[in-house]
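Visitor: Sequence:
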Amino acid sequence: MCTAGALTVKEFNSELGEQTIKQIMHIKRCLVERYKAVDSSLIDYFEFVIDPKSFAKTVENMFHISFLIKEGFVNLFQDDVNLPALGKSKFSKKT
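For the record, in the sequence shown the residue sitting at position 14 is 14 according to the numbering used here, with numbers rising by one throughout.
One or more of the hints may lead you astray.
[Said to hold, decoys possible] EDC-like cross-link-like pairs, simulated, lysine to aspartate or glutamate; straight-line CA separation at most 16 Å:
#1 K22 <-> D79
#2 K22 <-> E71
#3 K88 <-> E71
#4 K88 <-> D39
#5 K88 <-> E33
#6 K88 <-> D44
#7 K57 <-> E47
Note that these hints are calculated values from the structure, not bench results. Values in this document were obtained by computation on a predicted structure and should not be read as measured data.
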């Protein structure tokens, strides 16, 4: 269960529905917990978004991550073997 970090509804575009915003906030909390759990500053993108039991959930995770990238809470990088990785944004709040 992801519990770290907090966003407010005001921090996201008003074009998003309340349920979508709640899901994005949950994904951000999960990212914060993962950052705290790993020594590396980068998180494997595919490992984070893929749900092996649900294609629909995988697509939802990718959608929600895209909003976090758009709003500057997380950055998308290439790791050492040129695979996508998620990294802290210099604009993200300290956690």
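Visitor: All the hints need checking, so say for each whether the structure fits it.
Guide: Going down the list of hints, with the structure as the test:
no., hint, result
1, K22 <-> D79, "violated (29 Å)"
2, K22 <-> E71, "holds (15 Å)"
3, K88 <-> E71, "holds (12 Å)"
4, K88 <-> D39, "holds (13 Å)"
5, K88 <-> E33, "holds (12 Å)"
6, K88 <-> D44, "holds (12 Å)"
7, K57 <-> E47, "holds (13 Å)"
When held up to the earlier numbered hints, the structure conflicts with hint 1 and nothing else.
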